[in-house]
Amino acid sequence: MKKAFFVGLVFVSVMAMICSAHGQARLRMSTTTSTESSGLLKVLLPPFEKANNVTVDVISVGTGKALKLGEHGDVDVVFVHARPLEDKFVADGYGVDRKDVMYNDFILVGPKDDPSGVKGAKTAAEAFTRISSGKADFISRGDESGTHQMEKALWKASGIKPEGKWYVEAGQGMGAVLQMANEKKGYALADRGTFIAHENKIGVVILFDGDKAMFNPYGIIAVNPKKHPNAQYELAKKFINYVTGPEGQKVIADFKLNGKQLFFPDAK
Amino acid sequence: MSFLFDSLHEALRLVFRFDPEVYYVVWTSLKVSAASTVFASVVGVPLGLLIALTGFRGKSAVQLTLNTLMALPTVVVGLFFYAMLSRRGPLGDMGLLFTPSAIVVGLFVLGLPTIVNLTISAVHALDKRLLLTCKLLGATPVQQAWKILHEGRFGILASVVVAFGRVISEVGIAMMLGGNIRGFTRTMTTAIALETSKGEFELGLALGLVLLAAAFFVNAMLFLIQRSKG
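Line by line, the protein sequences give chains A and B. Just so we're aligned, residue 138 is where the first sequence starts under the working numbering, counting upward by one. Just so we're aligned, residue 8 is where the second sequence starts under the working numbering, counting upward by one.
Fair warning: there could be bad hints in the mix.
Said to hold, decoys possible - Heads up, simulated EDC-like pairs for lysine to aspartate or glutamate below, C-alpha to C-alpha not over 16 angstroms straight-line:
1. A:K289 / A:E263
2. A:K205 / A:D229
3. A:K364 / B:D26
4. A:K321 / A:E306
5. A:K338 / B:D100
6. A:K338 / B:E202
7. A:K393 / A:E336
8. A:K338 / B:E28
9. A:K205 / A:D224
10. A:K259 / A:D346
11. A:K338 / B:D134
12. A:K187 / A:E384
13. A:K236 / A:D403
14. A:K293 / A:E263
15. A:K321 / A:D251
16. A:K179 / B:E28
17. A:K322 / A:D348
18. A:K349 / A:D251
Said to hold, decoys possible - For each label pair, taking beta carbons as the anchor points, the in silico distance ranges come out as:
19. A:D250 / B:T75: 33 to 39 angstroms
20. A:Q161 / B:S235: 40 to 46 angstroms
21. A:N395 / B:P53: 54 to 60 angstroms
22. A:D237 / B:V50: 25 to 31 angstroms
23. B:F12 / A:K259: 46 to 52 angstroms
24. B:T75 / A:K374: 46 to 52 angstroms
25. B:E28 / A:A188: 20 to 26 angstroms
26. A:A162 / B:E28: 19 to 25 angstroms
27. B:L57 / A:Q161: 40 to 46 angstroms
28. B:F12 / A:K256: 58 to 64 angstroms
29. A:G340 / B:L57: 58 to 64 angstroms
30. B:V50 / A:N189: 36 to 42 angstroms
What the hints assert, rightly or not - Computed far set for chain A versus chain B, every beta-carbon distance over 12 angstroms:
31. S174
32. L222
33. K225
34. K249
35. A258
36. S295
37. G296
38. M311
39. A334
40. P366
FYI, nobody ran anything at the bench for these hints, they're computed from the structure. Here the structure is a predicted model, which means the values were calculated and not measured. Backbone N, C-alpha and C fix where the C-beta goes; we use that ideal spot for every residue, glycine too.
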């Protein structure tokens, strides 16, 4: 009885693993947390998967790590938002065929009563200067993600080195940081897409937006097959063409949450 | 309070709505945990018997190492195998990273020290005269081991139960080696981590309850096996 049970268990599990590992073609994509947690990929991927009979494996991490996975050759395509890092990724020979996909913008969120008075700021740099008064916490992603890159650039523009008790480095994804800002009644920089997705679950509100410096473009890059012969370049290329083509762009434009459009397609 | 109540409600809804995605996540968790526990048992129980029944130089050092490994953080195992299985790593050509097999490998290493250690304890807890009697009656080493295994089955099965509990509840290895890929390597624990980060606490807690229920089911089966042989 015991023996039979264990033999059966081994058999079933091994079979299941073999089936699931070699069922059909798989394209591996590392991407920023915002594309998945906003729900965009749930509508963007299925038409491509169906038409090409492939499964797109999504590894959703911060932009910094997403690019690292591409550098290591552990994925076939990366879909991220941090233009300077993306250009470096291509210049270093890790990626090819970079294309613009869509954009939205970053926003500063915080508690409704706005203790640091961010609301009246004219520029993002000024808003950040006001936050550095330390009247309330600022929750930083602290994870080298695209949002974190943008945050660092904005601190630089304001000429302030963020330090002190009020500067909280969370080391977590966008959603978790928004939750934390909500719990600690603090400020945070967020991409608009993720914020809209969380809006009805948290109490923080948009206090500053609209500065050109807070523009948030998303790009897609195939991993260079010359660097990593294992990378599925043809399939990645197909996927890039789909996302930046009329079909994918329409899915992005039509994607709404709470009646609001999250991403604006801008592929050329 | 209503928060917990909502979660319970959501959990029941999840279970009875028969959402294929939820069931796939449960299935993935059970699959990788069961496979890794079985592999760890197949290797760990004989290894534990061998260490317990033989005397050799450095035995204390081995046991001390095993005890230390029981405190192995899951993210360290994840990181180590990430470095091994990444395309840049020595085993990269196998293409295992971000597959269920990669999780099984990591969980196997996580569970192994537990099984070896507790098997050693189970054997030590047996009456010393058992082995002597076996030897006096002229049993071959294999026959001796078999007898010890049979006498110590409760303790040894307990080691398997503990190992299963450790591997099904961990999140670091599943996240780092599996990548939390929807419909492929998403396990219950990584799904909970994801839902929590999205602020879907009810769904996260609900999945936690489902995880407990699944663990209960597996342990109940092991319990029945234990009893039926008793």
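- Message: Name the hints, by number, that the structure is in violation of.
- Response: Checked against the structure, the hints that fail are numbers 3, 5, 8, 11, 17, 18, 19, 22, 28, 31, 38, 39 and 40, while the rest are satisfied.
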